[in-house]
Amino acid sequence: MRAGPSQEEIRRQNLGALLRLVHMRGQISRAELTSELGLNRSTIGALTSDLTATGLVSEEAPRETGRAGRPSLVVRASSEQVYVYAANIGVDRITAARVGLGGVILDRRESTRPSGDVVPPLRSFIQSMESKVDTDARCFGAGISVCGLVRREDGMVRLGPHLGWLDQPVGIALQEELPDLLPSVVVGNVADLSALAEHTRGAGVDCSNIIYVYSDVGIGAGIIAGGRRVTGHGGYGGEVGHMVVHPNGRPCGCGSRGCWETEVGEEALLRLSGRTGQSGREAVLAVVDAAVRGDAEAQAAVRHVGDWLGFGVANLVNIFNPELVIFGGTLRDVYLAAAAQVRSRLNHNALAACREHVRLRTPQLGDDAPLLGAAELAFEQLLADPLG
Amino acid sequence: MTPGDTAAPPLLELRGINKSFGPVHVLRDVDFTVRAGEVTALVGDNGAGKSTLVKCIGGIYSTDNGETHIDGQKVNIHGPRDAAHNGIEIVYQDLALCDNLDIVQNMFLGREKRSGLILDEPAMEELAAKTLAGLSVRTVKSVRQLVSSLSGGQRQTVAIAKAVLWNSRLVILDEPTAALGVAQTAQVLELVRRLADNGLAVVLISHNMNDVFAVSDRIAALYLGRMAAQVRATDVTHAQVVELITAGRSGSLGLQPEEAL
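Note that the protein sequences, when read in sequence, are chains B and R.
Quick note: the working numbering has the first sequence finishing at residue 476, numbered continuously throughout.
Quick note: the working numbering has the second sequence finishing at residue 262, numbered continuously throughout.
Simulated from the structure, these hints should not be mistaken for laboratory data.
Keep in mind the model is a prediction, meaning the values are calculated, not measured.
Where a beta carbon is used, it is the ideal one built from N, C-alpha and C, also for glycine.
One should not assume that every hint holds.
Unchecked claim - Covered stretches of chain B, going by a simulated chain R footprint (3 or more residues, C-beta under 8 Å):
| hint | segment |
| --- | --- |
| 1 | 347-361 |
| 2 | 370-382 |
What the hints assert, rightly or not - Residues of chain R clear of chain B, computed beta-carbon distances all greater than 10 Å:
| hint | residue |
| --- | --- |
| 3 | 11 |
| 4 | 27 |
| 5 | 65 |
| 6 | 82 |
| 7 | 145 |
| 8 | 156 |
| 9 | 168 |
| 10 | 184 |
| 11 | 187 |
| 12 | 194 |
| 13 | 213 |
| 14 | 236 |
| 15 | 239 |
| 16 | 258 |
As the list claims (entries may be wrong) - Partial chain B-side listing against chain R, Cβ under 7 Å, derived:
| hint | residue |
| --- | --- |
| 17 | 151 |
| 18 | 424 |
| 19 | 432 |
| 20 | 436 |
| 21 | 441 |
| 22 | 444 |
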């Protein structure tokens, strides 16, 4: 028989839970911590002073609360002092940011994606941001978001179809470049990480069943079921862009035919609106804009894509019965311009019981979601064992 | 609050509203329900009575007969002040903002806060900034900007923030995305959705079916002064809503042939 958890394990668990709450809210009063964690008031006091001693959080007297009684101290994440680096490698652009505990973006750099190796520009972004940091601040690692298939165990990018990547160990490469600064570098899929960010501090805070459909050039989904991320056995799950919706459809870059991506991806929208050869977010927005202004070809393209978007979402809703579907990346604009088609198709094709409570939403964190999600991943180890 | 939570009485319920202008019978026995935490889209062809209905709710027009219930309690609304007192605010299509005043002055116009004899500018400024921040509005740089310097989308945002400022519970928006570009339409739609997600009841008047489906939980279709149907957005298709607007019925939904005269 296994012995119960030791006192030390319980303490580590409680410290982690407390720090995670402070991290999610940014700041929270001791009284709220007591009621949220269900721990004794004096335990909260002891745990908080442990965390304060290590500089992870700080405590201060609150401003006017307007309530009776002695106001409870406010515990605040030391965002400026405790931070990670986050990067997002998109098809067209790379972005890097310094993200403080509490999910605050403190600094950021951005450029177009170089055709070659992305590690040198990422390193110089990080070095330039690091040069502005206070000396008493501590870096707890980095997280990278990539539009590709990422192996969970070591962060190897197995395939980045639109990046032209095959077996790229981008995380390990970056860590080797900056071994003193970055204790570890974790890598995740952009849709998964966006879903994680929206679930932690965005549109999906109160939901535990979320599907975040993200489109850059290809389509992917971050799935959260029962409050947990669903990424599959190896970490490659959520590739909804490659579910076959049209067996006799167009060939897909993956070698299959009629994948969802071939009907709702950027390339499909641009081809249908007579803009073959163009690419990128600006081009997608131009089609949506033209459709709203009355360009018949663009309108037909947006309607077609909206219709097929509805087909795919109906499938996902039937399988996962989510409470929230978020359309991110360029799909945000496509959804808002074609919501009537998407909704109609969903209402027509999905089972009534599966769809009745599903909310269709756009992201609350916008383009910061991949960065904030990558930061969540990088903070994970600290939150699991704050004093470790 | 979850949409479709039917246990609590609806925030606003109109029963059997009639309104005539002389010989013209504009609203005929209209029933209309609005729930907190939901966006209810009010759709209908030109002249169907959308604006008249909204003006009846806002106390601009008196109704000939029918009942208004708020939180299940019968109330009498005799003017815009009664409506405001009940937490009802309307944002009209022309926004009714003063170009020569700044954002704070506009938001508090006619209802300025005072401390003693003078205006309490710091308090108003703080409240205005807090309201805009609460709506996650990041596009406005300073609350002391003149409204004339704002873009169409920003003006709409200020007008909506002005309506939200007064602890309002029901905000009615008349064509908030008309005359806006794509990017600004998207921002305003997200703002409309956020109002409801924050617990307010929202009525959205729009002719754009994409806007309607993008944000609403329920759709109420008026047809020649009658309420053709009030349906959940998860139960209908675009084609059905268009039929309700243009013909007053769609299959088993809406007015039956003998009544749709």
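Does the claim that residue 258(R) lies off the interface hold, with its Cβ farther than 10 Å from every Cβ of chain B?
-> holds (25 Å)
Least C-beta distance between residue 145(R) and chain B, which was stated to exceed 10 Å | holds (23 Å)
Interface hint for residue 444(B), Cβ within 7 Å of any Cβ on chain R = The hint holds - residue 444(B) has a Cβ within 7 Å of chain R, the shortest such distance being about 6 Å.
Chain R covers the segment 370-382 of chain B, three or more CB atoms within 8 Å, holds or violated = holds (count 4)
Per the CB criterion, is residue 436(B) less than 7 Å away from chain R?
-> holds (6 Å)
Beyond 10 Å from every chain B Cβ - status for residue 65(R) | holds (35 Å)
Distal placement of residue 11(R) relative to chain B, Cβ over 10 Å = Holds: least Cβ distance 19 Å, greater than 10 Å.
Taking 7 Å as the limit, does the beta-carbon of residue 151(B) come near enough to a beta-carbon in chain R?
-> Where the cut-off is 7 Å and the nearest Cβ of chain R is about 12 Å from residue 151(B), the hint is violated.
Under 7 Å, Cβ to Cβ, is where residue 432(B) needs to be relative to chain R, so tell me if that hint holds or is violated.
-> holds (4 Å)
Examine the segment 347-361 of chain B for residues whose CB is less than 8 Å from any CB of chain R, and state whether their number is three or more.
-> Since three or more residues must qualify, the claim that chain R covers the segment 347-361 of chain B is violated, with 0 doing so at under 8 Å.
Claimed clearance of chain B by residue 27(R), with the beta carbon kept past 10 Å = holds (28 Å)
Taking the minimum C-beta separation from residue 187(R) to chain B, is that value above 10 Å?
-> Per Cβ check, residue 187(R) is inside 10 Å of chain B; nearest 5 Å; violated.
Hints 1, 10, 11, 12, 13, 14, 15, 17, 21, counting from the list given before, are not met by this structure.
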